Amino acid sequence: MKDALRSFADQIGSEGPVAVAGGKTHWGVGGWPATGTKEVAAPVGVVAHEPAEMIVRVGAGTTLEELRSTVEEGGQFVALEADDPSKATVGGVLAVGLGGYRRLGWGPVRDSVLEMTSVTAGGEVLRSGAPLVKNVTGYDLCRLFVGSLGTLALTGEVVLRCRPIPEAETWWVGEGADPFAVAAGLYRPLSVLWNGIHTWVGLAGYRVDIEDQARTVLGRAFRPAERPPPLPGRLRRSLTPRDLRALPSTAGVDRPWLAQVGVGVVHCGEAAAERIGPVGPPSSGVWDLHRALKERFDPAGRLNPGRSVSGVAAGAGV
Amino acid sequence: MTTAALVRDLGVALAPDRVRAGALELALYERDASMLTGQASVVCFPTSAGEVSAAVRVCRDHGRPFVPRGSGTGLAGGATPLGQVAPVVIVTTKMNKILEVDSEQRFAWVEPGVLNLDLSTAVAHLGLHFAPDPSSQQSCSVGGNVANNSGGPHCLLYGVTSAHVLAMEVVLADGSVVVLGGIDPEPEGLDLRGAFVGSEGTMGIATRIAVRLTPLPPCVATLLADFSTIHDAAAAVTGVIAAGIIPAALEMMDATIVEVVEAYVHAGFPTDAAAVLLVEVDGLRGGVDVCTSDVEAILKAHGAREVRVAADAAERAAWWKGRKSAFGAIARIAPSYYLHDCVIPRTRLVDVLDEVGRIASSRDLVLGNVFHAGDGNLHPLIVFDRRAPGVLEKVHEAGRKIIETCVAAGGSLSGEHGIGIEKREAMDLVFTEVDLEAQKWLRDAFDPEGRCNPEKILPRGGSRCGDISSLPPGAWV
Ligand SMILES: Cc1cc2nc3c(=O)[nH]c(=O)nc-3n(C[C@H](O)[C@H](O)[C@H](O)COP(=O)(O)OP(=O)(O)OC[C@H]3O[C@@H](n4cnc5c(N)ncnc54)[C@H](O)[C@@H]3O)c2cc1C
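Going down the list, the sequences are from chains A and B.
Residue 61 in our numbering sits at position 61 of the first sequence; the count goes up by one each step and never skips.
Residue 15 in our numbering sits at position 15 of the second sequence; the count goes up by one each step and never skips.
Only chain A is shown next, with the shape it has when bound in the complex (with noise of 0.2 angstroms):
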């Protein structure tokens, strides 16, 4: 994997502008790179699963599909999620760093790095973090990377948190039902997602806590359903928790959205989107510092031109 570091930091180089292809999947988050930018590609393969340590070392370029079935044979799994594993890559779903339907059980994607080797604008090969799941050596560059839409540096290897696959995963769906009341009577739930009339429900862990829990606090208004439901559009808004209570009651087929109630990220279409205000903007302040930290990462602005983090909540080119 050092020869294939050391090739990625090659092809970016120090000169002229650069971005990292993945998947394709998001490529448009925050804006479509500026013409003339040379796409690279990221080292693909996992290079260790390591079970007892619960630690995977993967070059960014993997997907998600492939660090599954590896991680998968330890009996692991890694709390990334994306709409088309099969095309994701690791690089790409932490670059863009918004988790999945399983948040409210797993946690922000950023919780699952421990350690990032980078290329700076420079060129030059970063290290931030390390292999291990508790550490405070240093500035925490890692939580900076993630959602920084490759503007500071370009992710090549990371090294992941895995967790141990539990007992069994379900999910169920009933209709009626107050989503905030279910969510507030289950302990640690998976998921609760709610489109305005259904409310869907994940529950991970031993068999016999979920049916308790499927018992004791879904009843008789839940029946056991597949899967969560499809995603009713690519945009999403971030809410706080109790502002999903207000949410535009059109739940029907012009403007469906799901939100992951407990948590405040509402998934829809554009129509949806319209009506559903984000919460205010960072002050003026936080944009001085984001400034000043491009500066210093990437003077010449060299690392994916066209992108910003800023135009995330816009939506624009999703």
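Because the hints were derived from the structure by calculation, they are not lab data.
Certain hints may be false.
Residues on chain A that point at chain B, a partial pick, calculated with CB under 10 angstroms [unchecked claim]: (1) Val173; (2) Arg220; (3) Pro224.
If you want the footprint, here are the derived chain A segments under chain B, 3+ residues with CB under 8 angstroms [unchecked claim]: (4) 24-36; (5) 106-118; (6) 228-235; (7) 262-271.
Every value quoted in this text rests on a predicted model; they were computed, and no experiment measured them.
Backbone N, C-alpha and C define an ideal beta-carbon position, used for all residues, glycine too.
Starting from the known structure of chain A, fit chain B with the ligand onto it as the hints suggest.
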């Protein structure tokens, strides 16, 4: 400008009685709970974000660096004042109000000086708690937890502080105020909240923090296992994790610790054991029962002489009290201690503990181990009498060897106490110049003039060319 003028201006910004420059006060604030001593010029006690901002602006006008400080329980010298000119220490202890508790959305806004345990106690009636539980939780502040990204026994399952902080209001080094993160899950922009957590007071002062509150588990089982060798205990830890079980907590204490703790708090620990494991599993009844018997079987298979399950909440509390009193208890052996904090891959526990033992015994030092075994977070504890001639040198030498051993085993410098001053010169052991330079970019973006808690974390004061001033006595470089 003189210190008298500084005191006067800070007194105008705050109130004269909350600005102190007497010899006694300065001595009290010249270090944290580490052995690293610095020098403060003034100590002040703001009561609001507005006052923090005003104090920071006065510092700027006077060309003084400043050091944020919570309860001063940090162990890496993070709150020890260092600088080309003696810094102003800005203490948050008077900002200790819980501002808002939202039980529906399970978060609370708190001031930074709120003590960790006070927060959990205040929300217990709602069935909630603040999950990070450092052993110092009776006295450390939430602001300090955020700055150090602190951990604790139950962070094995629940995650360290970073996973429990949603947002914070921060006074930056120029006195301006920003809010990082948000109550909504995906605030626009970079995760500056995540970058701030763990920055050890070098990127600004958190003046208001939104922390996640976690439901108390409906069912808890605590197991106490004793082993006749440290080897068996360490192998049992690896065995539990390898079986795909992540307990809520998985702690180890060796014979040295068990003996003093037992004499001190009578927790009911077996004093003839070479090592004791404290394992807690929590969740819903059915799963806890399954997990308890699985863990018990694994512990026995790895040679546990006896595995006891706490009979009731009182027994559980006694065991945890024992675990968390270890640092107080060791005063029975000798007056001073040096508590180390390193992380290693969990599969290396056995050989690293062996080597750590040899490092101490070959120097005639008394060393105990009490640590978060489940995540490979070692806490070798060297106990000594600093009055004995030559002992300090030996203690520091042993400390350096322990760090080198952990790094050689694939580990890193700190699992939860941070780098501060203590380990900044060891950063070169785990990072390249490029890595450190990039960390400096982050720090500089927040504080371009380096006025917020200078000379911490990065080696050579964060400069590549080494224009570093003195190191305080006690730094082991
Ligand atoms: C007996 C004992 C046991 C301990 N056990 C544990 C343990 O189990 N786990 C663990 O992780 N730690 C432990 N510690 C270390 C320490 O308690 C933690 O690091 C704690 O979080 C520090 O909090 P504090 O309020 O005392 O911070 P301080 O020591 O006052 O400061 C620590 C750092 O935080 C900065 N800081 C403080 N407040 C702010 C703020 N509002 N904004 C920005 N920066 C700020 C300071 O500048 C400094 O760099 C222990 C310490 C002792 C003495």
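*asked:* Please check whether the stretch 24-36 of chain A has three or more residues whose CB lies within less than 8 angstroms of a CB on chain B.
replied: violated (count 0)
*Let me know if the C-beta of Pro224 of chain A comes in closer than 10 angstroms to any C-beta of chain B, holds or violated.*
19 angstroms, violated
*So, Val173 of chain A near chain B? Judge it on the closest CB pair being under 10 angstroms.*
22 angstroms, violated
*With a Cβ-Cβ cutoff of 8 angstroms, does the stretch 106-118 of chain A contain at least three residues near chain B?*
Held - the stretch 106-118 of chain A has 4 residues with a Cβ nearer than 8 angstroms to chain B, which meets the minimum of three.
*Report holds or violated for chain B covering the stretch 262-271 of chain A, Cβ cut-off 8 angstroms, minimum 3 residues.*
Check passed, 3 qualifying residues.
_Three residues or more, CB to CB closer than 8 angstroms: is that satisfied between the stretch 228-235 of chain A and chain B?_
violated (count 0)
*When the nearest CB of chain B is found for Arg220 of chain A, is that gap smaller than 10 angstroms?*
20 angstroms, violated
Hint compliance for this structure: hints 1, 2, 3, 4 and 6 are not met, and every other hint is.
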